[in-house]
Amino acid sequence: MRLQDFEQAFQGDIWMMKLPDDYKVSLDQEISPSQGKLILQEGEMTGHHHHIDVMERPTNKINPNWWEEFEDTSLREVFGTKRPEVSSKMYNGASIAESLVRDQILTRPDLVVGLLVVEGGPVKVQHQEHSFIGLMPGKYVIGRQIESVAGEERRVAD
Amino acid sequence: MSDAKKFEELTEEQLAQTGPWAQKWIEIGLNTEPADFDKAEEAVLKCYDLIEQERPKAVLRVSSPWAAIYEGSKKAMEIKTNGNYTDDDLWSYIKTNWSNYRGAQLWVSWHAYITFLRDVVGWNDPVLENFALDEAIATSCGFVWWAEECAAISDRPVRVARDAAGRLHHETEKALEYRDGWGLYSWHGYRIPETHEWIIAEKSKITPDKIEHETNAELRRIMLEIFGFENYVKAREAKVISEDVLHGQPRRLLEFEVANEKVRAVEVVNGTKEPDGTYRKFILGCVRQDGRYPDTPAEAIAWSYGINPSKYKESVRT
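Protein chains in written order, with this note's numbering: chain A, 1 to 158; chain B, 1001 to 1318.
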């Protein structure tokens, strides 16, 4: 999915908004992955979560240039060509939330979960009960949803 | 090592058998006949022999997986301590050891796959002799829990109810139930937590009030489905304030009175289709912005995400 600047993708109760490449962000307080998964939001009762798999590609210890074993030269070329490593990192979203409210893109800062930076290639945002959403390299603000239950504002929970 | 033989692809004939083969094992997985405890016990004891472990002092025959873990652990503690244990000891033992089980009929996808390779494709390997023990367990009982001192074999369930898409589901009773009454409530595959079993078991107790006070959106959706969306809208004399269509799905903004106060809520639909072709529908209570309620579904949704309505643009939703 190629989002235009400030466009949003939605996966259930979370949203991802594409930022313009030149939008000023500060990359602080990286949120570290847990067990190979970058968790964007966790379910309350189901244990289901919105996440990106960030497991590193295993390297072949016996032959690091394993593609040389292919007889077919075209396969050797495909697998032997160096490609940039795909990476996705998440950072604290407090300061980006403030500037998006200042710029009247957001109505409130407190629903921002973090700032996601995707590099080198697309990543998939996955959830057990929703189809995945592919995000192209770029910067994204991740946020959640609230609702009013019995007169009180609270996070939409599953 | 056996003589390894590599199968590159299945023949037409073998392919034609995949469907019936899967069906046969699905039926074993869903079997609700009483367990063949003798056959299961024989295989279980041979498993101890296989790993050169002394056979257990006791083999229990129980009605459910829960009983297998609980009664099995109790017996194991009794034997280990000569009856000198407290409730705390027992619970801490269960916390460490509950997962020492075989799923038996609950795990038949694995057996379907291995037996297909063995019986249809012609895979031959000495390890299959060991596998045959697990196969005997899967085809004779519901669940096995084991420890050094004791093994506990569970009966098969008395009911396994599913919806058309194959998900655990029953509208009035436990979707999965064993002969001692233990089991799970499930709504189209959503496991209902113990605190909420009443929404199926005593569904007449669901009221609009209780729906509105449910803080978990997924459980509220299920309560609404059971109560009936239209019944709810009628009971609350809800007015449709505004409606639109997004991604081919209707969205309605409703207004109704709760405790003498006018509130608004928005009906939204999941972007991902359920296995039976339907979409999950939710009602979310609208949040206010600058003291007022939203006037359109779009405004309601934008505010719920904290996004300025003029910038709110759903390029994709799943």
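The set of hints was computed from the structure by calculation and includes no laboratory data.
A portion of the hints provided could be inaccurate.
[Claimed, not checked] As a list, the in silico DSSO-like pairs of lysine-lysine whose alpha-carbon atoms are at most 27 Å apart: (1) A:61 <-> B:1006; (2) A:89 <-> B:1313; (3) B:1311 <-> A:124.
Here's how the hints hold up against the structure:
1. A:61 <-> B:1006: Distance of about 25 Å is within 27 Å: holds.
2. A:89 <-> B:1313: Holds, at roughly 24 Å.
3. B:1311 <-> A:124: Within the cut-off at roughly 24 Å; holds.
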